[in-house]
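Chemist: Chain residues, written in single-letter form:
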Amino acid sequence: MTAGETAGAPASGYQDQVAQICDSYDNDPHRMLDILRDVQDRFRWIARETMQTVAEKTGLTQIAVEGVASFYAFLSLAPKGRITIRLCDDIVDQFAGLPEVTESFEKALGIGIGETTSDGGFSLEYTPCIGMCDQAPAAMINDVIVTNLTPEKTRALVAALKSGKRPEDLISPDFDDLTPHQRAVTMVENNIRHAGAVLLGPAAPDAGLKNALDLTPSRIIKELEDSGLRGCGGAGFPTGRKWRFAAETEAERRFVICNADEGEPGTFKDRVLLTERPHLLIEGMTIAARAVGAREGLLYLRGEYIYLRDLLEEVLADRRARGLLGDGIMGVDGFDFDIRLQLGAGAYICGEEGALISSCEGLPGEPKTRPPFPVTRGYLGFPTVVNNVETLCHAARILDRGSKWFFDMGTEGSHGTKLFSVSGDCLNPGIYELPYGLSLKELLEMAGGEDAAAVLVGGPSGAMIARDTFDRKLTFDDLATGGAITVFSKDRNVLEIVEYYMSFFVHESCGYCTPCRVGNVLLQKAVAKFREGLANPEDIAYLKDLSGTIIETSRCGLGMTSPNPILSTLENFPLVYSAMAKPSKDRIRDTFDIQSAIDGARKLAKRRSYVFDRDFSQ
Amino acid sequence: MPDSQDAPAADLPKARIATASLAGCFGCHMAILDIDERLIDLMALVEFDRSPLTDIKKFTKRCDIGIIEGGCCNEENVHVLQDFRENCDILIGLGQCAIMGGLPAMRNAIMHSDEPLRECLEEAYITGRYIRNKTHNIPNDPALPLLLDKVYACSEVVEMDYQIPGCAPTGDVIFETLSKLLTGKFRGFERETIKFD
Ligand SMILES: Cc1cc2nc3c(=O)[nH]c(=O)nc-3n(C[C@H](O)[C@H](O)[C@H](O)COP(=O)(O)O)c2cc1C
Ligand code: SF4
Ligand code: SF4
Ligand code: FES
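Quick note, the sequences are listed as chains E and B, same order. For the first sequence, the residue numbers in this note's numbering are 1 to 618. For the second sequence, the residue numbers in this note's numbering are 619 to 815.
Accuracy of the hints is not assured; some may be wrong.
Unchecked claim - Where chain E lies over chain B, by a calculated footprint (3+ residues, C-beta under 8 Å): (1) 694 to 704; (2) 747 to 761; (3) 770 to 781.
Stated by the list, open to error - Computed footprint of chain B on chain E, listed as stretches where at least three residues anywhere in the stretch have a Cβ under 8 Å from a Cβ of chain B: (4) 577 to 589; (5) 595 to 604.
What the hints assert, rightly or not - Calculated pairs, DSS-like style, for lysine-lysine (alpha carbon to alpha carbon, straight line, at most 25 Å): (6) Lys752(B) <-> Lys679(B); (7) Lys544(E) <-> Lys813(B); (8) Lys606(E) <-> Lys752(B); (9) Lys490(E) <-> Lys473(E); (10) Lys473(E) <-> Lys525(E); (11) Lys490(E) <-> Lys529(E); (12) Lys529(E) <-> Lys582(E); (13) Lys585(E) <-> Lys798(B); (14) Lys679(B) <-> Lys585(E); (15) Lys752(B) <-> Lys603(E).
Simulated from the structure, these hints should not be mistaken for laboratory data. Values in this document were obtained by computation on a predicted structure and should not be read as measured data. For glycine and all other residues, C-beta sits at the position ideal for the given N, C-alpha and C.
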């Protein structure tokens with residue numbers, strides 16, 4: 001046992017506390033993620049002894065509990081500091097000054113990334129995108145978000161924390177007196193740059209729900225089908241069709257799940273909807289419940305957005321109090337529906353709907369084999385509609401204003417408006433709600449990013465686009481995107497960006513499929529070779545070949561899209577690769593450097609090479 | 619055999635073949651001998667130049683084909699491989715060690731160390747549990763070639779033209795491949811002959 005582990009060993013009486021936590025979730029193994037989150041909060045780590053208690057209480061084996069505890073980045077099997085600082089290490093943050101910010105955190109705390117201070121006060125970590133890309137560099141300090149970090153700001157933060165202030169006090173001296181909404185907007189700016197007609201403009205509260213109650217479930221679904229609404233979480237599946245599948249599957253119970261995992265680097269639109277339109281979202285979920293016949297709903301909120309928990313709980317409570325959730329909604333006998341908030345714990349893969357369902361079920365967040373699809377066999381084996389936050393908000397507005405109103409916006413095949421999360425090298429990062437069909441160029445002009453050299457559309461699982469094709473249209477059929485638009489200026493190194501995003505996928509692969517678990521590591525290494533000038537011209541074919549294998553043989557969307565940063569840059573920035581590849585001389589590889597290869601041995605043996613050191617005889 | 623389609627035609631000029639064992643176990647060279655009596659057919663088509671099989675240590679002339687067993691773990695391997703590339707028209711990697719580094723490349727797995735090579739040698743000669751090394755030293759005779767920082771596949775050091783997979787490839791695959799290459803009929807491997815499960 002290391003010193004750290006001894007220091008953090010659970011205090012005596014821990015069993016009672018752990019048992020209490022389990023009791024508060026009725027010892028339900030499906031609530032494992034909540035139980036372990038609470039254990040983590042209470043003890044700042046999940047010790048073996050506590051896992052044993054959890055296992056006994058929930059009737060699982062200890063290894064099953066450990067399987068969950070070890071899966072999520074925010075659960076820790078070694079003691080963490082009372083204050084854990086998680087810096088977003090996305091390439092956007094790196095370009096916005098993360099190295100300097102990291103250095104000043106490290107200096108001020110006296111520890112490096114991945115370490116905990118010896119007094120157990122602080123831990124410092126890197127984490128992928130936390131959805132604050134428009135105000136990078138950003139970090140989580142326990143449950144609090146800090147943004148626009150600079151070295152000076154960092155030093156002041158650490159000094160305040162060391163003097164005994166709570167992370168909350170860093171946000172406002174009157175933090176406890178603020179409403180949940182005030183807290184959220186004091187921590188994080190919304191940066192709404194353009195409000196469109198559907199989501200961010202004015203809307204009559206619960207008008208959609210009222211209309212829905214006058215319609216049969218099948219008519220509600222028909223409205224959605226006619227509206228042309230397609231999923232906003234990335235895959236673009238027609239929402240009406242998804243609801244109809246779930247409604248038509250015979251079952252005793254059905255579920256509606258809102259996917260608020262928003263993990264795709266560069267995406268932060270759901271954050272803004274959750275902050276500014278939470279009622280619209282719950283209204284949308286309630287309409288979905290009415291349409292498919294669900295009595296139970298889950299709102300899966302990514303662990304990084306825990307600062308929005310109180311706000312959302314308040315909204316749910318308010319709606320229950322006003323008869324908009326619970327039994328007999330709006331006085332309609334038999335229309336019962338309620339929603340439980342499920343927090344995630346730092347895993348990008350949990351945004352994939354199968355993994356999200358696994359996570360809600362208290363399992364490690366691993367995708368499920370498809371088919372069956374969630375609409376036929378989802379949460380706990382019952383038909384489940386999983387929709388993105390934005391999709392559900394749209395649905396509520398469609399029921400308010402009618403399918404034709406929505407259908408008439410946008411273009412053929414891509415109807416209505418879309419929220420774009422613009423970040424990176426532009427003057428006005430933030431949220432733009434615009435009808436589908438505008439060109440990337442038009443969006444860049446609005447955001448003050450027209451000098452961009454490269455734009456990542458749809459995050460790393462999308463495509464990197466070069467200047468010469470900025471006139472392409474933002475639609476499902478041309479440049480499809482869940483909403484992330486990450487802008488890079490000509491000063492940025494494309495290969496550095498690609499390598500970062502490959503390391504992101506390496507980190508976030510759930511590890512189930514070998515091609516995804518191992519292949520992404522090989523891809524990252526191959527890109528690193530290009531960056532170091534050690535790649536051969538044939539390595540370009542190797543990249544394509546390996547990418548093809550990973551895409552073809554992976555079980556879920558992560559592996560099917562993880563090679564995209566490479567494939568799209570090979571296509572759109574071919575010179576970046578060919579300029580770095582070194583051809584052989586006389587068929588002997590110029591990329592193999594014998595001098596650096598024997599340097600270590602030369603020092604160990606304290607002699608020179610009799611083959612490769614010219615002056616060996618001297 | 620002579621009437622088989624793949625049998626080498628006897629009227630071509632003889633091809634010169636050289637072979638070398640780098641960081642390998644010599645198993646691939648033993649596998650060449652697994653051609654058994656077909657070696658006689660093959661010898662009608664080829665003559666061997668530099669090779670452990672002939673004990674010729676230096677190239678006597680330019681060769682048509684060089685066959686390499688093993689990857690590169692030390693400077694001498696690199697030197698020999700580069701020499702082969704310069705003196706052979708076609709280079710064939712024979713066996714997994716030549717293709718990927720193979721078993722010797724297990725030492726490449728020592729990654730989380732500032733001095734992986736030292737760690738590897740110390741475990742091999744000093745600290746390993748089953749080591750009986752009374753000198754407590756890592757061997758360092760001046761005649762020993764310097765080790766490389768890691769084991770390299772042949773294709774990382776020079777361009778390779780063909781690779782014959784297996785550990786070791788069977789005599790059948792070696793004979794088939796060589797005789798087809800010599801008669802210009804090689805079109806890739808039959809899946810059945812190179813799958814190992
Ligand atoms: C690796 C991966 C991550 C995903 N992350 C998210 C996410 O964070 N939010 C989201 O809404 N959908 C995400 N999705 C898509 C979901 O699987 C699913 O398609 C979506 O939630 C369906 O909702 P929609 O039809 O409303 O878009 C992800 C998919 C994959 C493969
Ligand atoms: S593709 Fe990757 S993330 Fe998806 S199931 Fe397989 S290993 Fe897990
Ligand atoms: S491939 Fe196998 S048989 Fe050939 S040298 Fe390597 S270990 Fe020996
Ligand atoms: S928060 Fe750092 S890139 Fe999204």
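Chemist: Confirm or reject each hint.
Modeler: Okay, the hints, checked on the actual structure:
1. 694 to 704: It holds, with 6 qualifying residues against the three required.
2. 747 to 761: With 3 residues close enough to chain E, the hint holds.
3. 770 to 781: holds (count 5)
4. 577 to 589: holds (count 5)
5. 595 to 604: Answer holds; 8 residues pass the 8 Å Cβ test.
6. Lys752(B) <-> Lys679(B): violated (46 Å)
7. Lys544(E) <-> Lys813(B): holds (23 Å)
8. Lys606(E) <-> Lys752(B): With Cα atoms ~22 Å apart, Lys606(E) and Lys752(B) stay inside 25 Å; holds.
9. Lys490(E) <-> Lys473(E): holds (22 Å)
10. Lys473(E) <-> Lys525(E): Roughly 33 Å between the alpha carbons, so the hint for Lys473(E) and Lys525(E) is violated.
11. Lys490(E) <-> Lys529(E): Judged against 25 Å, a Cα distance of about 22 Å means the pair holds.
12. Lys529(E) <-> Lys582(E): holds (11 Å)
13. Lys585(E) <-> Lys798(B): Outside the cut-off at roughly 29 Å; violated.
14. Lys679(B) <-> Lys585(E): Within the cut-off at roughly 22 Å; holds.
15. Lys752(B) <-> Lys603(E): holds (23 Å)
In summary, the structure is inconsistent with hints 6, 10 and 13 from the numbered list given earlier, while agreeing with the others.
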